[in-house]
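Could you build all of it, start to finish, from the sequences and the hints given here?
In case it helps, the working numbering puts the sequence shown at residues 1 to 44.
Keep in mind that the hints were calculated from the coordinates and are not lab data.
Some clues are possibly wrong.
Simulated restraints on C-beta separations [said to hold, decoys possible]:
hint: 1; residue 1: 14; residue 2: 42; range: 15 to 21 Å
hint: 2; residue 1: 13; residue 2: 35; range: 33 to 39 Å
hint: 3; residue 1: 1; residue 2: 22; range: 19 to 25 Å
hint: 4; residue 1: 43; residue 2: 23; range: 29 to 35 Å
hint: 5; residue 1: 37; residue 2: 5; range: 32 to 38 Å
hint: 6; residue 1: 21; residue 2: 43; range: 33 to 39 Å
hint: 7; residue 1: 42; residue 2: 17; range: 34 to 40 Å
hint: 8; residue 1: 14; residue 2: 34; range: 15 to 21 Å
hint: 9; residue 1: 2; residue 2: 29; range: 18 to 24 Å
hint: 10; residue 1: 13; residue 2: 36; range: 28 to 34 Å
hint: 11; residue 1: 44; residue 2: 10; range: 16 to 22 Å
hint: 12; residue 1: 7; residue 2: 36; range: 15 to 21 Å
hint: 13; residue 1: 40; residue 2: 6; range: 30 to 36 Å
hint: 14; residue 1: 12; residue 2: 35; range: 25 to 31 Å
EDC-like mimics (lysine to aspartate or glutamate), calculated; alpha carbons at most 20 Å apart, straight line [what the hints assert, rightly or not]:
hint: 15; residue 1: 12; residue 2: 35
hint: 16; residue 1: 12; residue 2: 33
hint: 17; residue 1: 12; residue 2: 36
hint: 18; residue 1: 12; residue 2: 23
hint: 19; residue 1: 12; residue 2: 1
Everything numeric in this text was worked out from a predicted model, so none of it was measured.
Glycine included, each C-beta is placed from N, C-alpha and C at the ideal position.
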Amino acid sequence: ENRIADHRTGYKAYNLDQVLAGDLGPVIQSAIDADEAARLAGME
Numbered sequence: 001e002n003r004i005a006d007h008r009t010g011y012k013a014y015n016l017d018q019v020l021a022g023d024l025g026p027v028i029q030s031a032i033d034a035d036e037a038a039r040l041a042g043m044e
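Next comes the structure, spelled out in structure tokens:
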């Protein structure tokens, strides 16, 4: 399927080969975005 998914953040992509080759930017950014959203939600 060549798919990667992070169910914690809702990240899904079909570039598993690129991620395994070290292109982790989008995966890391989705984790950062999810963390920021959780922190902002906690401030309400």
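Structure-based check of all given hints:
1. 14 to 42: 15 to 21 Å: violated (32 Å)
2. 13 to 35: 33 to 39 Å: violated (19 Å)
3. 1 to 22: 19 to 25 Å: Because 20 Å falls inside the window, the suggested range holds.
4. 43 to 23: 29 to 35 Å: Once the Cβ atoms are compared, 32 Å apart, the range 29 to 35 Å for residue 23 and residue 43 holds.
5. 37 to 5: 32 to 38 Å: violated (18 Å)
6. 21 to 43: 33 to 39 Å: Holds, since residue 21 and residue 43 (Cβ atoms, about 38 Å apart) stay within the stated range.
7. 42 to 17: 34 to 40 Å: Distance hint for residue 42, residue 17 holds at roughly 36 Å.
8. 14 to 34: 15 to 21 Å: holds (20 Å)
9. 2 to 29: 18 to 24 Å: Between residue 2 and residue 29, where Cβ atoms are some 20 Å apart, the hint holds.
10. 13 to 36: 28 to 34 Å: violated (20 Å)
11. 44 to 10: 16 to 22 Å: holds (20 Å)
12. 7 to 36: 15 to 21 Å: holds (18 Å)
13. 40 to 6: 30 to 36 Å: violated (19 Å)
14. 12 to 35: 25 to 31 Å: violated (18 Å)
15. 12 to 35: holds (17 Å)
16. 12 to 33: holds (14 Å)
17. 12 to 36: holds (19 Å)
18. 12 to 23: Roughly 14 Å separates the two Cα atoms, so the pair holds.
19. 12 to 1: holds (12 Å)
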